[in-house]
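Visitor: As a plain string of letters, each chain reads:
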Amino acid sequence: MHLDHAHTHNGPSAVSADAHRPDGSRRALRIGLGGPVGSGKTATVAALCRALREELSLAVVTNDIYTREDAEFLLREAVLPPERITAVETGACPHTAIRDDISANLEAVEDLEDEVGPLDLILVESGGDNLTATFSKGLVDAQIFVIDVAGGDDIPRKGGPGVTTADLLVVNKTDLAPYVGSDLARMAADAKAQRAELPVVFQSLRSEPGVRDVADWVRAQLTAWRA
Amino acid sequence: MTAGVRAVARIVARDDGRGGTALPVLDSDGPLALRRTRASGAEARVVVVGAMSGPLGGDHFTVEADVEPGARLRVGSAAATIALPGQSKGEARYDVRLSVADGAELHWLPEQLISARGSDLYVTTRVDVGAGGRLVLREEQVLGRVGEEPGRLTSRLSVRVADRVVLDQELACGPGAPGGWDGPAGLGGHRAVGQLLVVRPEFDETPVTARVLGEHAAVMPLAGPAALVSAVAPDALRLRRLLDEALELLDSVN
Amino acid sequence: MSRAALLVLADGRFPAGGHAHSGGAEEAVKAGRITGAASLEEFCRGRLHTAGLVAASLAAAAAVGVDAVALDAAADARTASPALRVAARKLGRQLMRAARATWPSGELDELARRFPKGAHQPVVLGVAARAAGLGAVEAAYCAAYESVSGPASATVRLLSLDPFDATGVLARLAPTVDLVVDRAVEAGRRVVGGGVEELPAGAAPLLEIGAEVHAAWAVRLFAS
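Residue numbers (the working numbering), protein chains in the order written: chain S, 46 to 272; chain U, 124 to 377; chain L, 9 to 232.
Hint data in this document are derived by calculation from the structure and do not stem from the laboratory.
Be aware that one or more of the hints could be misleading.
If the Cβ cut is set under 8 Å, some of the chain L residues that face chain S in the computed set are [what the hints assert, rightly or not]:
#1 Ala24
#2 Ser30
#3 Arg105
#4 Arg228
Simulated coverage check for chain L against chain U, where a stretch passes if three residues somewhere in it have a Cβ under 8 Å from a Cβ of chain U [what the hints assert, rightly or not]:
#5 46 to 55
#6 75 to 88
Backbone N, C-alpha and C fix where the C-beta goes; we use that ideal spot for every residue, glycine too.
Input sequences plus hints: build the corresponding full structure.
Guide: Here it is, written out as structure tokens:
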């Protein structure tokens with residue numbers, strides 16, 4: 046006899062992106078952050094942790110090319126206690142670990158919920174990758190794609206799955222636009238053309254309001270998740 | 124074709140009730156000669172002598188030691204054991220059967236086993252340690268005498284602590300062994316390989332921390348109150364140095 | 009029995025976490041023991057006859073229904089390196105998840121209940137093979153092939169080795185894989201009457217020492 050996994054919880058680990066934990070409680074919302082190398086994913090994660098840690102129970106999973114670099118950054122910055130930060134080894138392919146074979150990441154989020162839970166939110170950060178990397182729906186409930194103005198103002202126009210389909214597109218380092226000759230208005234127009242109604246946030250973490258808009262978006266996701 | 128030599132040597136160590144260890148059984152047999160040497164405190168000491176010449180192809184040697192509750196025994200050997208090709212074809216066998224009762228202690232520290240060219244030896248070492256028993260066991264294999272090709276050597280070590288098998292591993296090397304034995308996963312060209320097994324009841328509470336000793340040796344906590352040091356080295360001398368260093372380390376931290 | 013189920017289970021893209029493990033190749037490459045196709049082949053051959061044979065035997069025994077708890081303990085005893093035991097259980101847990109989603113089965117659920125943090129991967133593989141309607145031979149093939157395909161594909165990434173050379177290594181090892189599978193299936197079946205002592209116990213010293221060296225690195229690409 047085969048048991049119906051959608052409605053029963055046999056054994057300790059859920060077999061998919063099931064919204065409930067084995068004990069029947071609702072699991073944490075999982076938000077993925079991807080984007081090219083150096084666009085500010087880790088800095089955004091750090092800023093989000095600082096903005097949200099007083100009001101939410103948070104944890105972070107990093108997927109680095111080299112095991113612990115991003116995790117070490119977050120630890121140094123002391124954005125969260127160390128037990129709330131887990132690094133996943135990706136065998137040199139972060140995009141495989143967040144999209145094609147999500148097992149190690151699922152294990153990491155489950156372990157975090159078991160060990161430091163209950164959690165409201167888990168941020169899953171991908172290692173710097175190219176424009177095609179997206180998170181599996183089996184791993185995250187929503188994803189943020191982070192690009193920056195210094196990477197070239199034609200990235201929104203070029204599109205690619207991250208830019209086109211991410212639930213939120215963040216254009217980072219807007220403070221650098223005058224120095225690198227990036228045209229923010231053009232980036233906004235191109236993003237609109239690629240993404241239709243999907244939201245875009247322009248942010249600079251070096252000046253006010255910093256990560257505020259992204260944090261507000263995360264809060265809205267969480268409200269919807271809990272509804 | 125002549126049949127090889129069959130020899131069984133036996134030791135029984137027993138608490139003598141006066142703070143020492145008696146040896147009610149100390150049976151030598153043929154080439155396996157056992158000598159009692161001066162005791163050290165509560166510990167009885169035995170040396171295996173005369174194993175120099177064997178085992179040859181077709182021989183079958185067995186050494187058994189039972190350390191009874193509360194007894195303490197240390198066994199060494201006078202010289203390295205050399206596996207040689209024999210008159211009769213076929214493999215030689217060397218079986219070691221050790222039991223360490225609750226509250227007993229055994230140090231099993233023979234000299235190296237040298238696998239000479241053309242030899243074919245199968246060694247099995249089985250150890251049964253009771254719940255509160257303590258053990259230090261060293262095994263060192265040297266592939267060939269200086270500048271010599273090795274023979275074929277297979278060695279299986281299985282250790283049971285409180286009726287649970289904590290280690291069961293077999294090392295096969297030399298010509299005729301399954302391929303890759305000397306490659307980057309196996310010995311990587313090293314000619315000496317050894318293991319040091321330490322069983323202590325306190326490891327249940329405070330397991331040994333895994334650590335690396337240089338590039339070619341590691342201290343590894345097993346799934347039970349035991350730790351294994353595994354090492355490869357270019358020669359017997361450097362192997363011994365690594366294992367001695369590891370034992371010192373285990374003694375100092377635990 | 010569906011033969012195609014074997015292809016699903018043995019596919020390198022089966023999402024069970026294997027891509028992040030090098031089977032010891034990362035350490036061997038850094039230490040200079042694997043430098044190209046020839047040394048990769050020797051590495052794989054050594055791994056196949058030791059860890060590969062043990063894994064294939066465990067998988068075969070599990071596939072014929074031998075008690076998974078006894079097999080898991082036997083796997084522990086055959087894996088001196090704690091880093092390798094951790095890796096085997098991680099992979100076992102990940103395979104358990106993928107297999108339960110792919111071939112729902114009461115036996116897999118039971119295994120997950122018994123080993124919430126994962127059983128040794130080959131044991132899970134054998135039970136997964138059963139759930140997929142496969143037998144001891146297929147389970148042993150999966151385990152034996154994985155024991156060499158993992159290091160081969162990792163070495164392609166680590167050394168930028170020509171992928172055709174790496175695939176050539178696997179093709180040359182195929183007859184040895186057949187041989188190892190035969191021995192593993194025989195051993196796995198002997199376990200039914202003779203207990204887990206019947207399982208092969210081959211160990212490769214530098215695989216185990218290397219796994220500990222690798223686990224001590226602060227920075228690495230692969231999980232093992």
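Visitor: Take the hints in turn and mark each one as holding or not.
Guide: Hint-by-hint comparison with the structure:
1. For Ala24 of chain L, the suggested interface contact is upheld, since its CB lies about 6 Å from the closest CB of chain S, less than 8 Å.
2. With its C-beta approaching chain S no nearer than about 7 Å, Ser30 of chain L sits inside the 8 Å limit, and its interface hint holds.
3. Because the beta carbon of Arg105 of chain L sits about 6 Å from the nearest beta carbon in chain S, less than 8 Å, this interface hint is met.
4. Interface restraint check for Arg228 of chain L: the shortest CB-CB distance to chain S comes to about 5 Å, inside 8 Å, so the restraint holds.
5. Counting residues of the region 46 to 55 of chain L whose beta carbon lies closer than 8 Å to any beta carbon of chain U gives 7, which reaches the threshold of three, so the coverage claim holds.
6. Given as covered by chain U, the region 75 to 88 of chain L passes the check, having 6 residues with a CB less than 8 Å from a CB of that chain where 3 are the minimum.
The structure shown violates none of the earlier numbered hints.
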